[in-house]
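S.K.: Residue strings, one per chain:
There are 2 protein chains.
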Amino acid sequence: MLAEIITIGDEILIGQIIDTNSAYISKELNKIGVKVYQITSVQDDRAHILQAFEDAKKHADLIIVTGGLGPTKDDITKQTFCDFFEDTLVEDQNVVDNVKQLFKKYQLNKPLPANFLQAMVPSKATILTNLYGTAPGMWMEKDNTVFISLPGVPYEMQHLLQDEVLPRVIKRFKRPFIYHKTLLTYGLGESAIAERITDWENELPQNIKLAYLPSLGKVRLRLSSSNIDENVLKESIDSRMEVLSGMLSEIAIGFEDETSIVGRIAHILNQKNETLSLAESCSGGAIAEHITAEAGASSFFMGSIVPYKTELKTKILGVPASLIKKYSVVSIEVAESMAANCCKLFNTDFAIATTGIAGPTKGDGEDEVGTVCIAIASPTGIVSEKFGFGNDRYRVIEKTITKALEMLLKEISKN
Amino acid sequence: MLAEIITIGDEILIGQIIDTNSAYISKELNKIGVKVYQITSVQDDRAHILQAFEDAKKHADLIIVTGGLGPTKDDITKQTFCDFFEDTLVEDQNVVDNVKQLFKKYQLNKPLPANFLQAMVPSKATILTNLYGTAPGMWMEKDNTVFISLPGVPYEMQHLLQDEVLPRVIKRFKRPFIYHKTLLTYGLGESAIAERITDWENELPQNIKLAYLPSLGKVRLRLSSSNIDENVLKESIDSRMEVLSGMLSEIAIGFEDETSIVGRIAHILNQKNETLSLAESCSGGAIAEHITAEAGASSFFMGSIVPYKTELKTKILGVPASLIKKYSVVSIEVAESMAANCCKLFNTDFAIATTGIAGPTKGDGEDEVGTVCIAIASPTGIVSEKFGFGNDRYRVIEKTITKALEMLLKEISKN
Chain Y
7 MLAEIITIGD EILIGQIIDT NSAYISKELN KIGVKVYQIT SVQDDRAHIL QAFEDAKKHA
67 DLIIVTGGLG PTKDDITKQT FCDFFEDTLV EDQNVVDNVK QLFKKYQLNK PLPANFLQAM
127 VPSKATILTN LYGTAPGMWM EKDNTVFISL PGVPYEMQHL LQDEVLPRVI KRFKRPFIYH
187 KTLLTYGLGE SAIAERITDW ENELPQNIKL AYLPSLGKVR LRLSSSNIDE NVLKESIDSR
247 MEVLSGMLSE IAIGFEDETS IVGRIAHILN QKNETLSLAE SCSGGAIAEH ITAEAGASSF
307 FMGSIVPYKT ELKTKILGVP ASLIKKYSVV SIEVAESMAA NCCKLFNTDF AIATTGIAGP
367 TKGDGEDEVG TVCIAIASPT GIVSEKFGFG NDRYRVIEKT ITKALEMLLK EISKN
Chain G
7 MLAEIITIGD EILIGQIIDT NSAYISKELN KIGVKVYQIT SVQDDRAHIL QAFEDAKKHA
67 DLIIVTGGLG PTKDDITKQT FCDFFEDTLV EDQNVVDNVK QLFKKYQLNK PLPANFLQAM
127 VPSKATILTN LYGTAPGMWM EKDNTVFISL PGVPYEMQHL LQDEVLPRVI KRFKRPFIYH
187 KTLLTYGLGE SAIAERITDW ENELPQNIKL AYLPSLGKVR LRLSSSNIDE NVLKESIDSR
247 MEVLSGMLSE IAIGFEDETS IVGRIAHILN QKNETLSLAE SCSGGAIAEH ITAEAGASSF
307 FMGSIVPYKT ELKTKILGVP ASLIKKYSVV SIEVAESMAA NCCKLFNTDF AIATTGIAGP
367 TKGDGEDEVG TVCIAIASPT GIVSEKFGFG NDRYRVIEKT ITKALEMLLK EISKN
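In order, the protein sequence lines correspond to chains Y and G. Numbering (the numbering used here) for the first sequence: 7 to 421. Numbering (the numbering used here) for the second sequence: 7 to 421.
Heads up, a few of these hints could be off.
Any copy, or any two copies together, can satisfy a pair, since identical chains are not distinguished.
Claimed, not checked - Computed cross-link-like contacts, DSSO-like style, restricted to lysine-lysine with a CA-CA straight-line distance of at most 30 Å:
1) 180 - 130
2) 106 - 224
3) 409 - 110
4) 111 - 332
5) 116 - 224
6) 116 - 215
7) 331 - 350
8) 63 - 148
9) 392 - 41
10) 409 - 177
11) 392 - 116
12) 106 - 409
13) 110 - 416
14) 392 - 332
15) 420 - 409
16) 116 - 409
17) 33 - 224
18) 177 - 41
19) 409 - 64
20) 331 - 321
21) 111 - 224
22) 180 - 41
23) 64 - 148
24) 278 - 321
25) 350 - 332
Note that these hints are calculated values from the structure, not bench results. All values derive from a computational prediction rather than experimental measurement.
So here's chain Y without its partners, still in its complex pose (with noise of 0.2 Å):
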């Protein structure tokens, strides 16, 4: 059983915008047990759709389409279906009825004609009715092999496949099992993870497979198989993973999916009941962005304060003018300080402080771009470590992150 997922727009092929469906889609199926076999992008182009839907259909049961059902002239994926499936466009009562419903409830104006162009729909499509937009969601089979077009807006897409999409492919399609485990870890390279386990990974089944996906500071190991039952795989995956957890164990935070760095953080603060405040400099809030994306952050995240400047750091955070002479914006004694009296500010049990150059220019010290201080305060005292994470302005900011979450972790697991 394998599905295919193509993404029709010019807007993708030109870089316009990022195509988050396609990850979506692949993730849910994958859920079910359905495995991706690949995703093809394609342009507006009624040629080029209908040789991307025949390539598909020599390797897929399931054929997932997305994108190019709007009501205007430069949406042309319906038609090409009715070619495909030689097959004529006629008015759904139901669509029509929808769009009168959503132009109701959410719209000030009335539908316009070019609104009900939404319920031609052909004539052999089963109709997914879209309660979040007016473009449906339809369903066709061709020789065995079932192809679905949703539309492109992703929450429209979400909702239909949740509600109509999976439902069916369950009910249409036997499907083996599927089950990817991740271990993730921070501070040892991809080489250096792939030596230490060299005999562990020579012994996994020709079945099972071990996959690395390093990005900055951190790597992930994930562990894959499909079988039919799903016991057996879990067993076999899960004891694997423990034993790899087991080896790795300085450098392994966890299992992912389960939860994320930042979501461990929350855990253990929420459980000793402490608090955090954060004083970005270099990492410029992009730490309380990470923090605050998860819900529930307001249980134990107090604040941040982001003195950009240097006069601030002294202004507002009380970091000595003459700390900062001595001993430049961009050291270990400034980082300390920042992070003490960020406790004190925000009155918390922990905080967090960064400060280095980003770059791409030199900053107000004398120091080489790329260099960071991290302090980590904590009710028993002050940690700090000083780094250079290279000359690229997104790499630096992205590794700050990634460090000082492994930094206040490491602290506040601390007993």
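Place chain G on chain Y using the hints.
M.R.: Quick look at chain G alone, frame taken from chain Y:
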């Protein structure tokens, strides 16, 4: 002159990561006149990759492949290149030296044998030196089609593309000039816009394509075409866009892609020698993160405070507790007080303040999830507005960022 992009990696097909590389590459190729015909994501599987190479070669003159270049066993791109080009791997001394240098500069440990596997490259490949990571880029040719392999780590890929790939593509291929211009509109639906501009749209010449790109609360209208003569093309599209912009003047915000909204804000503030600070409650540092992500922020951005807890709005930012009690923490009045006091605290000309309920649970006040108040303080006074941004945390934060920057741009653009 057509290009195709092939991204390799099971992590894309199981939805574990979103493929952002393709959008970046597409956008950069477009700028130099290279049209991307198709984007294909394939598995870490030799036969599948070879099939994708064969298929892409049918249409494209240039094929850019990303991913699958790590030093560990799951990465098979290089071996597959050898199969496709009937080639073998040989050691490249420049890559060996680069690995040594990178480790010397950025790593505490010495390189492992596995790291030097990166120096094993197809003998026929032109090597593109990667100054930001150990995996080199590769340029190979077959039957007049150019294949380029780049690492999947985004910033490594981006540097290689900019420094090594694009200059060579410009030299190697004759390219037309491709031009897009996008008008950003807020407040009217796709169909309503289409109805208003029917006559204008019908008069567009065959070779200029109009696309509607709707997303939450806004519709982008894009004109695209390509031509050998840059001046003729620009003149033709620009003049049509001026007419369109005039027809939609009350909903048009401006042209996209000329520069980001943060870039425009930076430009104006630097020109006027004015400064900005932020007081972000519900946006939790996300606006600061957006502003500091672009280089050069320190010339106008003084800093930010995230008073996430209600009492900190009083303690650090000086918002009267009585005001919060009288109007609720999510109110126009509190947002305005936050903005005014933020200007004072950071000694800036402008300040943005946000307060709201991002959800999923209600905050300290009585307001519904999605309620957000934004205020902009300027030398001439304060403007503010209350919004309902719906019940999805991610959307609430994203909409807050967008709206706050839009409001700020309007204020700083006044004389």
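S.K.: Determine for every hint whether it applies to the structure shown.
M.R.: Status of the hints after comparison with the structure:
no., hint, in the structure
1, 180 - 130, "within (24 Å within a copy, 46 Å between copies)"
2, 106 - 224, "between (50 Å within a copy, 21 Å between copies)"
3, 409 - 110, "between (46 Å within a copy, 20 Å between copies)"
4, 111 - 332, "between (58 Å within a copy, 27 Å between copies)"
5, 116 - 224, "between (52 Å within a copy, 18 Å between copies)"
6, 116 - 215, "between (55 Å within a copy, 29 Å between copies)"
7, 331 - 350, "both (23 Å within a copy, 25 Å between copies)"
8, 63 - 148, "both (9 Å within a copy, 29 Å between copies)"
9, 392 - 41, "neither (43 Å within a copy, 45 Å between copies)"
10, 409 - 177, "neither (42 Å within a copy, 41 Å between copies)"
11, 392 - 116, "between (56 Å within a copy, 20 Å between copies)"
12, 106 - 409, "between (48 Å within a copy, 24 Å between copies)"
13, 110 - 416, "between (49 Å within a copy, 27 Å between copies)"
14, 392 - 332, "within (17 Å within a copy, 47 Å between copies)"
15, 420 - 409, "within (17 Å within a copy, 42 Å between copies)"
16, 116 - 409, "between (49 Å within a copy, 21 Å between copies)"
17, 33 - 224, "both (21 Å within a copy, 28 Å between copies)"
18, 177 - 41, "within (16 Å within a copy, 41 Å between copies)"
19, 409 - 64, "neither (45 Å within a copy, 46 Å between copies)"
20, 331 - 321, "both (15 Å within a copy, 29 Å between copies)"
21, 111 - 224, "between (47 Å within a copy, 19 Å between copies)"
22, 180 - 41, "within (12 Å within a copy, 40 Å between copies)"
23, 64 - 148, "both (12 Å within a copy, 26 Å between copies)"
24, 278 - 321, "between (32 Å within a copy, 25 Å between copies)"
25, 350 - 332, "both (23 Å within a copy, 28 Å between copies)"
Checked against the numbered hints above, the structure breaks hints 9, 10, 19 and satisfies the rest.
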